[in-house]
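**Student:** Please build the complex by placing chain R on the supplied structure of chain U, with the hints as guidance.
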Amino acid sequence: MLRQIEGSRAVAEAVACCRPEVVCAYPISPQTHIIEAVGAMVRSGELSPCEFINVESEFAALSVAIGASAAGARAYTATASQGLLFMVEAVYNAAGLGLPIVMTLANRAVGAPINIWNDHSDAMAVRDSGWVQLFAETNQEAADLHVQAFRLAEELSVPVMVCMDGFVLTHAVERVDVPDQPLVDAFLPPFEPRQVLDPDEPVSIGAMVGPEAFEEVRYLAHARQLAVLERIPAVADEFAELFGRRSGGLVSTYRTEDADIVVVALGSVLGTIKDAVDERRERGERIGVVGITSFRPFPRDAVRRALGRARSIVVVEKAFSIGFGGVLSTDVAMALQGLNPVVVTVVAGLGGRPITGASLDGVLVDAVEDRLPPLTFLDLDEDIVRRELERMAATRRSGPTAENVLRDIRSVAAGPV
Amino acid sequence: MPEPLPTADDPTDVDGRVHFYQVGSFAVGNRLLDRSLRTVQSDIGRTNSLDAGHRACRGCGEALGARYTLDAAMRAVEGRLVAVNATGCLEVFSTPYPESSWRIAWMHSLFGNAPAVATGVAAAMRVKGRSDVRVVAQAGDGGTVDIGFGCLSGMFERNDDVLFVCYDNEAYMNTGVQRSAATPPAARTATTEAFGLEPGAPFGQGKDLPRLAMAHGIPYVATATVADLHDLEAKVRRAMAIRGARYLHVLVPCPLGWGSEPGDTVKIARLAKETGLFPVFEAEGGKVTHAAQIRRREPVESYLRLQSRFRHLFGEHGRPDLVARIQAIADANIATYRLLEATADTTGGQS
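In the order they appear, the protein sequences are chains U and R.
Using the working numbering, the letters of the first sequence map in sequence onto residues 1 to 417.
Using the working numbering, the letters of the second sequence map in sequence onto residues 1 to 351.
These aren't lab readings, by the way, just hints derived from the structure by calculation.
Everything numeric in this text was worked out from a predicted model, so none of it was measured.
Do not take every clue at face value.
One side of the interface only, derived from the structure: several residues of chain R facing chain U at Cβ under 7 Å [unchecked claim]:
(1) P96
(2) Y97
(3) W102
(4) A105
(5) W106
(6) N113
(7) A116
(8) A124
(9) G154
(10) L277
(11) I334
(12) T336
(13) L340
Backbone N, C-alpha and C fix where the C-beta goes; we use that ideal spot for every residue, glycine too.
Excised from the complex, chain R in its bound form:
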């Protein structure tokens, strides 16, 4: 029995069978959906905002996330879009002089100022009577939660007409995997090595940017992962339908920094959600309005074991106590965001 989904008028039109999910993935198979319900990404007419030929690593979650997000945004605003990029992997791998992978109007200024630059672009468009041109700013987690946070908070507080997208791979990958304030507890990075009493990144620190964004009372905040394209695109569409400051936080696994198989990027992103470690939700005006339900709950271990940054937690000298603490974080998220409510929407965030 398939899960109820936003369906085609007649979901049984292929060989009389109903298969909304690809095998084992729980991802919606586009081919089986009505054309109007398919993703932008599956459409041959998509923008290819971040085009082929860039220099991202194999299995890069950020490249996927940026491509999904910007193509969806381009579709939502009929191509009237300017993107501002913070310094980081995405900027470096997309624009090595004299090449550029961007098929959209795109600008990079500095590491910490993308929100402010985006404010400037939006102001210029407004003053020139071109408010149809919309602005997306994008950064990694370092450019968002750390060095860019001052400018981001200012942009939120002024409610400037910018969608800010954080592609969160949970550390400074471009410089060789150093801890950021988005690095999860126990994760090994080059500045939180995997030894000592509490190996890896410390517990109890770090910034929860979606919550901080909500605290600014901005019109729209959402989280998503690269594992659920329909959900991500729906959130971008929703965000672009709103004026004012909006924040989208996309979890993007990084094979290099997480020590995972490039082929597992989407799987790991899905596990982040299915374990409860990364709550996928939407909030409007500072209140959570929707949380994507966990379909098949997994223990955090199945997420952690796929990543060598958590390797020190397992094996002969493993740290089951720390795994338990991480499980407790997931459990708390599940309770806080009601990720296992029987009555809740089970469509994975599509609305």
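Pulled out of the complex, with its shape left as it was, chain U reads as follows:
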């Protein structure tokens, strides 16, 4: 049933429909509403049986999930930003142990400077950990992806992270058809772990592996991700058949059939990009959009198929690798090996800066006229950057950069510099 509902609430209800048996909670914005709502459902008995555990850190949250999952329970948690980084060791561990934990990542910038708003630098920091990373474009997709995530995770013994843009999605109230319990029950069979901690059949889990087999173990993790790549479209198809709407899959395409230029992105910004593209289309410019839903495993072939005919690819990224440039762009370029379209990176929306239609339109105009450099920082205030660089060059102790910049833009009281 369609309801006007906050994204976090929709995700919480979808997660509850998946009947998680152990949920661990540690608060961090902007995921907190999700875990609060799940906790309330456990408290009221709406979600039962379920153990809801308030832990003392994100590291503990995922560690509790690891123990629960290894003991055969369906485990769920949610985090963001610093929280994800605080649990990174456990993130790698859960993947290495092949534990099908599902975790929501309410994407948020990573400090310093501390910043609670949305970008993708948290997700990018763990892209090599062995987790499946699915990016939701809308709140509908965020809710639906959680249902698919448990299915994929448990079928293939791999943890899945559902990434949804912090605030932009988590706190947005819009129409969502929250998955119905009977349908979810039909879609998601009970969890049958591949191996489990059980005194009746004792096994040792988590042995030390040396050089004689480590590479093989890692290869097998890769093979499992490739198997996920195979299953994602099939699971999305099954979901569509049962629920009557399409969510998930490897990539989504928009007006790409005849496109010379294709904009690639992850997550909620795709909506704004599509609007900007529609406007350019009205002027007869052949521009399309590709959204990557499955960032890990990276759908190289699907991306190649979707982008193959374009002469120019513009990757709009809410994160970048400092000292290098685009992260997603590198993956896209790898997928296009041998085809040689121009691939450029536009870094945008860092720390929650709005990505406006007007700015995107400028990007598209530049793309059409082949004026985009390899790496652009959208709406970068070059004047502020220049002033701070000059300050740093002139004075060794020029003070903290973030505070200097805030003073320049008069966000804090001007003092002596």
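**Tutor:** Structure of chain R alone, referenced to chain U:
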């Protein structure tokens, strides 16, 4: 005259003589006890939870401690047990791929998260209606007092149904003997070398984990050593009879890190108790309920001299002043825990 002990119905049934202690050790000789009073470890039906073939060093106290503890726990809960292990010597020497010495359901995740993983296992068992399956988490002192302390404190505070066992060998042995917050003053480690004004580990630092555990008000806290098997097993049994967060701190000498003879492991553990340096006690709900009495008090020197990590305190350039400070610590423990009370129980913690 033998000390009064939990005795067999007829303690004189072997050759008409009464010998409850093995010569010089003060350990109870199992053969002389009634079957029902013998240790789990002496029983051919024990689990062998940590089985032979592992790669611990000769004389490893931790291997002994883990085997004693888990076999006793397995007996106490009739085999319905899952063990969670932190990274460390015990994990490394027991599970080099593709071998495992564990005959019980066992899991290792990370160095600092064993308490949280154990919480997860216990939660899973509860939610699945299998609360008969009990959970033991175990770590060395580094995994307990240092890197694992955040998770441990959380597990205590929530009173999760986990017995956490610290096998304390007083430093990071697996990485080559570096100081932990459980390293005693003056001990030489690779990061507290034996020179300078105060050679070895500093005085006045470190964490007293049993006291910290008690401060959480958890139902049961106990300390033990690998020198007194009966006492250790009794404490494990007691711990497994209780639900909620429980903490057992077992002193396990490490020949490699302490610079002691492998054959002296049990002797050194006993001396730790008999000097008062390692109080052996039980606490319930944050209050000490029982302290094992010192049988034959020894000066700390007889404990320190057996270990090369304290070698710099003796000899021509020795530091009697530091030995005196260590003696003062032992004396303070004896006073605090009443380890020499005439009226106190003298059974070495058995009850």
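**Student:** Each hint: holds or not?
**Tutor:** Each hint tested on the structure:
no.	hint	in the structure
1	P96	5 Å, holds
2	Y97	4 Å, holds
3	W102	5 Å, holds
4	A105	4 Å, holds
5	W106	5 Å, holds
6	N113	4 Å, holds
7	A116	4 Å, holds
8	A124	4 Å, holds
9	G154	3 Å, holds
10	L277	32 Å, violated
11	I334	35 Å, violated
12	T336	30 Å, violated
13	L340	39 Å, violated
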